[in-house]
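Here the sequence shown stands for residues 4 to 141, numbered as in the numbering used here.
For the record, the hints were derived by calculation from the structure and aren't laboratory data. Fair warning: this is a prediction, and the values are worked out from it, not measured in the lab. Hints may be right or wrong, so weigh each one.
[Unchecked claim] Calculated cross-link-like contacts (lysine-lysine; reagent style DSS-like; alpha-carbon spacing at most 25 Å):
1. 103 with 87
2. 115 with 87
3. 87 with 42
4. 42 with 108
5. 42 with 103
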Amino acid sequence: MEQFKGVIQEHTGGMQMAKYKEVRDMSNAETKPTAAAIKQADENADEQWRADATHALLLTCHEQPQFTVDDVWITLAREYPEAKTHENRAMGAVMRRGRKMSWTKGTGQYIKSARSGCHMNPRQIWASMICLERSQSL
């Protein structure tokens, strides 16, 4: 398991205890299986949902200089309350699309998800390149 590394040594009450801390190497976070899974989720998502979710990402990029995918879900629910898909993982493809279109850029920083169904999993903080361009042109 090369993705896990590091042992934190703690001293408590004269006893040495080793705690293993999960440390993920995020330098090459997107693997071929991940890319294939994202592509498959995107292909299985409803076409109208994909369009609505992509527009929600664009709106979020216009509204917030930094955001997480949770914010995109909020925008999607606000703007397209009827938008539904059986494949929520397709949002990963929407985020990749935004990155390829130069709307967003990953910051390398993560926070815990606020969405109840996500069990506080880490979510990347994205920087809006649209807000950045707008602020630089003022």
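Practice task
List in ascending order the numbers of the hints, as given earlier, that are violated by the structure.
Solution key: Per hint list: zero violations.
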